[in-house]
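Participant: Sequence:
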Amino acid sequence: MAGKGVSIIGSLFEAVFAVIGLIAQLALGVVVWLFQPLIRALRAVLGADRTRAAPNAIKPRELPQGAMDGILTALQAGGEATTELPAGWRGFHSAISSESERIVDVAIGTEVRLILEPENPDREDAVRADVDLPDQSTVRIGPLRRCHELSRSIAHGRVRCWFAARRRSLRAGAWEAVLFVAVYDP
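Going by our numbering, the letters in the sequence shown line up with residues 1 to 186, in that order.
Keep in mind that the hints were calculated from the coordinates and are not lab data. Careful, some of the hints might be misleading.
Beta-carbon label-pair distances, calculated as ranges [to be verified]:
{"no.": "1", "residue 1": "Glu-99", "residue 2": "Arg-43", "range": "27 to 33 Å"}
{"no.": "2", "residue 1": "Ala-165", "residue 2": "Pro-37", "range": "37 to 43 Å"}
{"no.": "3", "residue 1": "Val-104", "residue 2": "Phe-35", "range": "52 to 58 Å"}
{"no.": "4", "residue 1": "Ala-44", "residue 2": "Arg-145", "range": "24 to 30 Å"}
Each residue gets a CB set at the ideal place from its N, CA and C atoms; glycine is no exception.
All chains, full assembly: derive it from the sequences and hints.
Facilitator: Have a look at this one:
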């Protein structure tokens, strides 16, 4: 009988602490949301929120012509393009969702511009992927997914990116674009 009473008291304490934790988490979320403009202003004053260079202001790091040709050939053949990268470069594929129907007009191997969006209020690490088509129009593929950790490399011109593949998404009217990203990281 005494064991049952201790079990009930333990369960009661667990429930109380769970409710207190939930309330504390919600309160902390509200405080962060309320102070977000102050935090951004403080970061701007301290220089932590420096304006990044315009996308065309920094010339992207060049790859040897043989590597460029090898990457394009591998992407168009559906092969692995990372083997074509010279020393100091690493490559990976990244899939992003796209709402643009014009993604079907993008040729495999087309170079993609990754553009920093520091003014994006939702995400500090926001990076947009755009492609220029031969008819002088631009297709906005969409934003890179969170936690890509490419912002600094993009700001220094050490990232090159190509359109690798497209596929229909499970959501109606949506596409998924696969990008091949090469980062100079000696």
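Participant: It remains to establish, for every hint, whether it holds in the given structure.
Facilitator: Tested hints:
no., hint, verdict
1, Glu-99 - Arg-43: 27 to 33 Å, "holds, 31 Å"
2, Ala-165 - Pro-37: 37 to 43 Å, "holds, 41 Å"
3, Val-104 - Phe-35: 52 to 58 Å, "violated, 44 Å"
4, Ala-44 - Arg-145: 24 to 30 Å, "holds, 26 Å"
Checked against the numbered hints given earlier, the structure breaks only hint 3 and satisfies all the rest.
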